[in-house]
Structure formats: C-alpha cells, structure tokens
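Assemble chain H onto chain A, guided by the hints.
The residues making up each chain are set out below.
Protein chains: 2
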Amino acid sequence: MNERIEKRGGGGGPGPPKPLAVVMLSGGLDSCVAAAAARREFELALFHANYGQRTLARELAAFRALAAVWGAIRILEADLGFLGRLGGSSLTDAGMPVPLDEEEPPGIPPTYVPFRNSIFLAAAVAWAEVLGAQAVFIGANVLDNPGYPDCRPEYFAAYNRLIDLGTRPETEITIQTPLIHLDKAGIIRLGMELGAPLELTWSCYQNEDAACGRCSSCLLRLKGFAAVGVPDPIRYQGK
Amino acid sequence: MNERIEKRGGGGGPGPPKPLAVVMLSGGLDSCVAAAAARREFELALFHANYGQRTLARELAAFRALAAVWGAIRILEADLGFLGRLGGSSLTDAGMPVPLDEEEPPGIPPTYVPFRNSIFLAAAVAWAEVLGAQAVFIGANVLDNPGYPDCRPEYFAAYNRLIDLGTRPETEITIQTPLIHLDKAGIIRLGMELGAPLELTWSCYQNEDAACGRCSSCLLRLKGFAAVGVPDPIRYQGK
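Top line first, the protein sequences correspond to chains A and H.
Everything in the first sequence is counted per our numbering, starting at 1 for the first residue and increasing by one.
Everything in the second sequence is counted per our numbering, starting at 1001 for the first residue and increasing by one.
Source of the hints: derived by calculation from the structure; they are not laboratory data.
Heads up, some of the hints might be wrong.
[As the list claims (entries may be wrong)] Straight line, CA to CA, 25 Å or less: simulated SDA-like cross-link-like pairs of lysine to any residue: (1) A/239 - A/54; (2) H/1007 - A/84; (3) A/18 - A/197; (4) H/1007 - A/85; (5) H/1223 - H/1142; (6) A/7 - H/1053; (7) A/239 - A/213; (8) H/1223 - H/1199; (9) H/1239 - H/1210; (10) A/7 - H/1085; (11) A/7 - H/1084; (12) H/1007 - A/53; (13) A/7 - H/1079; (14) H/1007 - A/79; (15) A/18 - A/71; (16) A/239 - A/200.
Extracted from the complex, chain A is given alone in its bound form:
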C-alpha cells in the first residue's frame, strides 16, 4: 500500500491563523501553481492520489519536495490504486502506449482516466470535511484539456452543488479552480508571479529521471515556457 497521512507543525507565522484548504497536488506544474494561489489565503493540507500511474514515484518525490518547501500542515498520500486496475487509460494501463511526438488529438484523449476527477474530489472533500477545511483547490483548466469532460467550469459548478447537498449542513467547502481559464503560458506566468517553485514540479507522462520532451504533457509544458520566453527549469532527456 502506498499511503501516508501526516500531521505537521503548521504555519505559526505572525498575524491571525489562516483557514485551511485541501489542495489536490499531483506534483505537476498546474497543481503547483494552484497550491501557490491557495497559499495566499489558506494553510495547506496537501492531497496526493496514487492510482497506479506510470510515473508515481517521480510524482511523489515532486509532491513531497513541494510540501517540504511550503511547510504544509497536513499531507495525505491516498491509495486509490483500484482506479488504475480498472483499465481504460494509457496513463495506467501498461498495454496502452503513451502517444509520443503529438499533441493530444481532439475529443477524448487516450490518457483520459474514467471519472478520475470525481473520485479524487470525493476523497479530497471527505478529508476536508474531517479536517474542517473550507476549500478544495484543483489545478484543472479547460483550454489545455479540451477533451477532458471533468475539467469544464460547469462540471465544477455541479460538483459544488453535490458538496452542498452531500455533506453536513454546517460544512462549507467549495471547490476552487484558480487556473480554469488560463492556458499553459498563463499558468506559468501566474506561477512566476506567485514565486511558485516550478523547478520542483514534474509533468512527464513517461519518464522518471529526465523528462521525455515528447509525450503530450511535455510538449504542452515546453510550448508554454516558449510562449512566456523563459527556459523550463527542469531537466529534459538528451539536453
């Protein structure tokens, strides 16, 4: 079982205590910037899901490095491995290749994991309810993920309605999507503005040592940095 729950010291900086937010942090660029946005107003409880993804070990290393840098007061590395064992996605199914040298095709991409965000959000909301947190942050964005049905604003609106109906009356948790209308360049700019440690993030769908630079996630990331006009601080294969 790949799972850890940890309670840490906590902020304790000057000023009144901040409310708590659960942040869904894969360790990738988008979730890192979403967490940096959450940090402006909230103490962080960081949530990572293990669902049998190919690059789990590298993702977890990025997640833990970010948690350490930010001084998160709680972390949860949840074992949702059953999702990978259902099959149906190239991210978790060793029999389906990760497409290389091409951006994701229109429509539902092969990396789509059925109902993934709904499962992760449900787990994060349950944790938020136990912790008394007020928000759940997710780095979803619609422009870079046009084929993913569970990255659209109307999907998150429906999820907020579900939380309202499905939790204790006194529970006030809302899903916050600070990146929802940004493209990759906009996300990188926001991250730089917030001082997010982008050099600690990991986006590659395929490799765990140096990023491949060829999967759809690497291509999107490299295009974003190129549009902003700054070098990507992580290491790429053969560079």
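Okay, now just chain H, sitting in the frame of chain A:
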C-alpha cells in the same frame, strides 16, 4: 490490500442479452434488495467497497455469497481503505464506540462517514464507464436514514447531473435508487416479492458471527421484520 476484480461466465440464459448495471452491494439487506430489483432488467456487475469498516470480513462473506447465488458476471472488491483512515466515524474509528440499545439520534449520526456515498458512487461510475454499463444501483433510502445528507433524492439528482457532465459524451449512466422512498418494512416486502435471498445478508455494525441485535442497524432491521410479521432469517446473539 483487500481487493479483487473478477470476470465471470455470465448469464447466457434464453432471450436477448440484458444490458449491464453496476450494483453497489455491501452485503446488507438494502443493497441486496436493490440488486434484486436491478436483476429484473440488467446483468449484474457487483461492487463492494472496503473502507476499513469493523465488520469487513463478514460483509465480504455476504457479498460473495450473493454474487455466487445470482451468477454476477463481474465483481469488484475495491480497496478504499484510505477513507477509514481519515477518521470521523464510529464505523471505522476504533476509538469511537458504536451506540447500542438506541436508535440513531436525530441529526447526523456518529456512524456517518464523511462524503462516503460520493466516493463509492465515483468509483462505481468509473467502473461502469469502463464496462459500458448503463446504470449504477444503490440501496439508499431516505426514511431510515434521515440524518445522512447523501441519502436524499436531491443528492442523487445532483449526482446524475455530475455524471452527465463528467463522463464521455457517449456514456449514458444513471444512478438508480429503487428503495429511495421505502422504509425497512417496505424494503423487506419488496425483497420477498423479488425472491431476494435475505438469509444471506448481514446488517450488524458490530459483530461478525451472530448479529448483536443492539446496534442501530440491527434495531432497524428487527423492527422492519416485526412490522412485516415474518421472522428475520439471520442468527442473533443469544437466540
């Protein structure tokens, strides 16, 4: 890890093949009757969640006995143990006692597991999307669970909206709640009418050999059988 995914032979009876439904089957009375209702129109894919509940082994024995009797074509025993480790419920937290000799108090009962149905439904819908199933059945009912926010019809309506928005456009899955407006006596009557094997079910929150007859779940079950005027076919402690 307590997890199993199995593909079985399948119905193959006379007549055209039936569509497939995922049924959330805890092994309790309600979910057994919901499955019996699903069987009228669907082939069964049976879903059980391990979330660290006290009586997991006994529940699983009931689940497997029902799966065997009905000839389910798929079974999934999903490991959602992280939910139990979050704490906050007497069903999963050894430090919180299961209340005895009293029905559940008004308001949110101590057996409430935060956002549980949302997590289970998300997992079941993901599986249904991979299998191409058309429905997800759940034995929730509002009369016997007035304190559970995630057992109300408006909650399930919101969930159907979420599925509509959060899955592939061609995916047509709806949550079906055949027991939603029945009380325990009504559920028992429907189960008998459908020939559901109620003698194989398990409801006790506390014991695994003979039912305690004293936890809120046993009390509700016994009251239901008394109202119908038939004996409960399972064994109780000291009887």
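(request) Any hints from earlier that this structure breaks? Give me their numbers in increasing order, please. (result) Structure breaks no hint.
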